[in-house]
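> Chain by chain, the residues run as shown.
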Amino acid sequence: MIRINCPFCGERDHSEFGYGGDGSIEYPPLDASAEAWTQAVFERENIRGVQTESWQHVSGCRQWLLVERDTMTHEIHSVRAAHSGVAAVVEKEQQS
Amino acid sequence: MSASRLKTGGHIDRTREIEFRWDNTRYTGFKGDTLASALLANGETIFGRSFKYHRPRGVMSAGVEESGAIVTTGKANRRDPNVKATTQEIFPGLEARGQNAWPNVRRDCGAVNNLMGRFFSAGFYYKTFMGIPPFEWGRKGTGIWMQYEKLIRRAAGMGKASREPDPDHYEHGHLFCDVLVVGSGPSGLAAAVKCAEQGLDVLLVEQDFEFGGDYLNHSSEESLRKRDAALAKLNSAGARVMSRTTAFGLYDYGVAGLLQRVTDHLPNPEPSLPRQRFLTLRARHTILATGALERHFAFGNNDLPGIMNAHAADAYVNRFGVLPGQQVVVATNNDSAYNTANQLARVGASVTLVDARTAIPDSISGLLGTRGVELVTGSTVLNAVGKRHITAVELADAVGSGWKQGPTRDCDLLLVSGGWSPVVNLLSHRGVRPQWDHDNCCFVPAPTNEAITSTGSSLGIWGNSDCEDAGRAAADAAIASVGNQTNTVAMPAAGGWETPLQPLYEVNVDGVSKKSFIDPQHDVTADDVRLAHQEGFVSVEHLKRYTTLGMATDQGKMGNIIGMALMAEALGKEVPDVGTTTFRPPYTPISIGALAGRAFGAHFKALRRTPMHDWNLEHGATMVDAGLWQRPWYFAREGETITEAYIREATTTRKTVGLCDVTSLGKIAIQGPDATELINRVYSNAFAKLPIGKARYGIMLRDDGIVMDDGTTWRFSDTDYFMTTTTAHAAKVMVWLEELLQMRWPDLKVHVTSVSEQWAGVAVAGPNSRDVLAACIADASVVTNDALPFMGVVETTLANGAPCRIARISFSGEMAFEVYVGSDHANGMMDLLHTQAMLVDGCLYGTEALGALRIEKGHVTGVELDGRATIDDAGLGKMASDKKSYIGSALRKRPELMREDRPRLVGIFPKDRSEKFKAGSILCRTDKVAGHGEGWITAVTHSPELGHWIGLGYISGGHEHWADSTLVAADPVRTGNTEVEIVSPHMVDPTGERMHG
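Residue numbers (the numbering used here), protein chains in the order written: chain L, 16 to 111; chain H, 11 to 1007.
Next comes chain L alone, as it looks inside the complex (with noise of 0.2 Å):
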């Protein structure tokens, strides 16, 4: 039962989360190819190790969050916001 570390809300239990998928994925713009598209939405590796992973905090701030995931071992590496204005600031605030 894995324990996410939400940058808004502190700990949290998974059952509070929706899982997203790859997080890594980098989406086309709308208007590119077929193929680039097929790319992205079709050819996905199946990552045993560490994985960055989106999950949203449904049950709590509603965040969309990148998690850093270890696929055979469950362990979280590292947890932050997935809009980047939002973890620049979060970070931002962090160091200060």
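Where hints are given, some of them may not hold.
Stated by the list, open to error - One-sided excerpt, in silico: chain L residues whose CB lies under 7 Å from chain H:
#1 M16
#2 H89
#3 A103
Note that these hints are calculated values from the structure, not bench results. Idealized CB from N, CA, C, for every residue including glycine.
Starting from the known structure of chain L, fit chain H onto it as the hints suggest.
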């Protein structure tokens, strides 16, 4: 017959006599007895009948590994099967019965199976009943098997669970601690005390009803004093201790699953108490002091009543004050049984100890004491003699590395010790494969990186004093792992016996055939293992499945190692090379009720009611579940059936006006300077130029080009939109928009807010809808045809002053409006509209009539947009924009999704208009009613407008392809087949004049 209560001794309370019933007969025992000890004290010998052969079975152990004394407790709706008599404590009013026997375990007619034992070896049923000649010659037939299986399953088996609803209630809870200690034996208590005295928050759990573990099985007062002192220290240090609580599984992140049996031992529990608690515990460190289980070994008739594990006799004598036999043979291959033999002699039994080993040093034989225990070395048991109870043993004498037939000795109790197996189950749940300890012939825990420490005899450490040290060493590991300083005590080495154990798994003498059990609970014999090997099932996992070894309720606690050892022997390998099976939770069975907790019946899922729920009920609604929501299904008038009601409602709506609660639709406020851009990217149809004061129907796709959801979006200003979604996908669409905004398009300045709960909505549909609505709002001029044309939206106030939002949109195909007010104003809105609607003979309608109206129009819902349909499949392809890019635009035109023969949305009429058909039917050609057919039917209704049954569905190529054809709506398991015709999905008012008018 043989066992009896000792005059003194034991940790039972002889001042408290307890009355209970076994097989409808009254018995008494003492407080502190288990059902097994109390019945043994009363001279009972047969407790159960075996799984396949219905052989009589007695008590084989004194704990959770029990495979013989398996009984049923309780009655009627509290009947609980497969309870181990060795762990069930007695209480006043306890009722227990034997199981898998008729008429009872002492005289069981099923015992005839035993005579035909050779027919019932592993795999017998499958070989015999599948493809029986001559009926199924040449075919891999399972038809006859299907018939026989029911009978076979009835003859074999365990107890029967109650089929009535469980009258008890169960709770779920969450606990936290620094250190969880599983087991309260010498090592567990020592570990818990040290951690608690270091100021850590300690939780100690014990599956038994008494704390102490092996401390309870000693005759000396010293053991109990140690236990009591430890418990007192735990108490004063503020540690929590829980008895009758099993740590049944270990999970990620230091989570342990605990089952606490709260009232199972109480005659008249407080009704407010749950029967059991299912607790999720999070520990920073876990210490496993789960002990070890003694093994038996395979010899002839080794399942006879009167044969038990050697150490169980220590428990019966010293804990329960029961002498399990007068004339005792103890058969061992290790040092641990010597003390047991001494104990039995001490309380007056005549004891012979046969040791498979030949050289026994004086220090060990000295343990036998001075009470005349006879020691025979180089000897073991070949066969047990007796019909319903053991009467003698045929011994075998060592010759070289084998055995030869030896003398026969009379006895009424045979104690067996084939070595010990540490309980590695919980660590196995964490994926840690145990290692083989060659010296001790057992699997021991392998190291793990997790915050888990095994200790005591679960680590293969045998002596009590070593186990105490081991507990303290484990405590150090726990204290260090939660970040405190401590002095480190060295973990004692495994083992602790003076003379090495001699591996002994089976006793064989050439020419002597016998039935020797390795998994008594599932009646798996040593011959079954050899048969499996002979037939090629050599891996442990295959062996297990073929013979069912280790698949009974004890998960192989008794027999697994012997089974593996015999397979290793057959393969000429070592035990660890054969492997071990993975233990899975739960360690001991837990009731389904505990897993469910309170999540059953009305509490199985959350319930959502619309703000006008009570209003709907007051006006005659019958409700239906729609996802988590309850929605009005139909509003039956006096004497009306559901069919009559919805046909009347739909007819009335088309003729004058109808009102329908649509609050359950998802509603999302989309606000911000980039709101238009977001909506335009999300919907497949054009939205960039939606004027303020207008709504538009939109279809959104997934990335892969399949339809995700549909709904309407209303524009109130440059930066303010109101989106509705389907009821089913409300949450999903909200999550989707959040994902897009936070992950893909962080530059868009848009806020999305779910307002589904804030707005109550009603559809006002029918030719008189505008007049009814006009009479209910403060300014009737805002809803005239010019002011509010088709797809217009307006914010205004109701006649009662409540602010409202109105859109002229139609799901029914009639002129219609959706009106939304703040949820608190829902009843007021309904009162106003209902009063006016009644003046023009209107009505309320529910989801059934809503369905009829939308099917007539060919409007799609979730059953058509089922996650497989493209926008073209649903007949809406023309809506999709070619001028812009949007989510799904790149992939929706993949060749596979553009095939001409893809299923397309169609309408369906019965060929004979008086006939009906059902949703879920498969559309087939008349000459080929088989397979997947050409399509399927998603929804049907009786159409009031057309006067016959109609349906919607998908068929390959669409309705043009099947014009003038007759097909079959095949429904083989329900109503049979109906001939149908395929028509356009727009079955009523295809040009939409009514809603525009």
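> Now look at each hint and say whether the structure bears it out.
How the hints compare with the structure:
no. : hint : verdict
1   : M16  : 5 Å, holds
2   : H89  : 5 Å, holds
3   : A103 : 10 Å, violated
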